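In order, the protein sequences belong to chains A and B.
Using the working numbering, the first residue of the first sequence is number 7, and each one after it goes up by one.
Using the working numbering, the first residue of the second sequence is number 84, and each one after it goes up by one.
Hints listed in this document are in silico derivations from the structure and should not be mistaken for laboratory results.
Some but not every residue of chain A turned toward chain B, in silico, with C-beta under 8 Å:
| no. | residue |
| --- | --- |
| 1 | Asp12 |
| 2 | Ala45 |
| 3 | Lys108 |
These numbers were taken from a predicted model, which means no experiment stands behind them.
Beta carbons are placed, not taken as given, at the ideal position from N, Cα and C, and that holds for glycine.
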Amino acid sequence: MNGVHDLGGMQGMGAIEPEQDEPVFHSEWEARAFALNIAAGAWRKWNIDAGRHQIELLPAVDYLRMSYYEKWAARLAELLVKHGLVSREEIESGQPARSSAKATPPLTAAQVPGLLRSGAVASRNVSVAPRFQKGQRVRARNINPAGHTRLPRYARGHVGTVDRDHGVYVFPDTNAHFLGENPQHVYSVRFTARELWGEQASERDSVYIDLWDDYLEPV
Amino acid sequence: MKALESLLVEKGLVDPAALDALIDTYENKVGPRNGARVVARAWSDPAYKQRLLEDATAAIAELGYGGRQGEHMVVVENTPTVHNLVVCTLCSCYPWSVLGLPPAWYKSTPYRSRAVIDPRGVLCEFGVEVGEEVEVRVWDSTAELRYLVLPERPAGTEHLQEDDLAALVTRDAMVGTAKVVAPKKAGA
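Chain A on its own, in the form it takes in the complex (with noise of 0.2 Å):
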């Protein structure tokens, strides 16, 4: 979807501020959000891809307005209500619903090590061709999805080439609303920073996109 959270390019957002000596979270509840959002995510009830287009979906200007944690918070609730772990109505009240049984965790404090050490791995072994190779010049397509998709704004309409082939992996577009892994190739694409942005770049710049197969065409 055309959102505020695809920011590449734009203009105004004003100063970058680092902060010195910054710690991890800088509130208890920021701790909380975080963690909240990994151990509901062991019920895989969701995927990453879901998880980051619920974000997506929060209003532009909460989306701006709201910090990270507080981005976490909310698109937690929205997942927990949309899959049914917990309702709007217990949500709003604090309180579990009478008639809810008590579930058991799915992730333990013992377990944690082992689910972070594993991951989740996003490649698929599945034999898919390529239908680019390296050195090809291609063009990101010019495609405004209304759900969630991985190609930018800024890169669409431009013509770049394949600087690497990633291997396969699960594309966003379907898995996000549960369509499907679709997996496909993923490639590292060099666009020049005069083809993106016009003269006013640095004719020796460029940046490096990684795209599915279904983002490109052929030149």
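We have chain A already, so just place chain B on it with the hints.
Using the frame of chain A, we list chain B on its own:
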């Protein structure tokens, strides 16, 4: 957040001890010191560096690092003629396994919007001087590949061992918004 947590705990959906363990991991165990060890090894061992640039995930696993948000790693090397900068314009993708959780500026709209259109301006704000003759490569982490910059080893560190080298390597140097600086000589 407390209200949501107690609801989820009461419903048996999450184990509060698991939350503590998750937080402890990223506050105390997984952070940029991991990445610094990778960089120091690459500076000290040319064969390791070769493996790192060819298959970063496997080479990083040799040092015991990997897993969540580091499943598919790519390392890009800074040289006298190339400077690399990592961003995620669409969200805040970051190589947790080697750098820990990202700093607020990396997740902010100013950095995410400008890194791709004005990388030299961004670098300048971070105090990084990149000459006209240097090629700037920006890596937008739009897929599940996670990028780590292998900074240039500063001159004057030839005598240093791996541990001392690792102590010089900062988080920002591995994102591309800083260079690694040699320690001042004692008495200098």
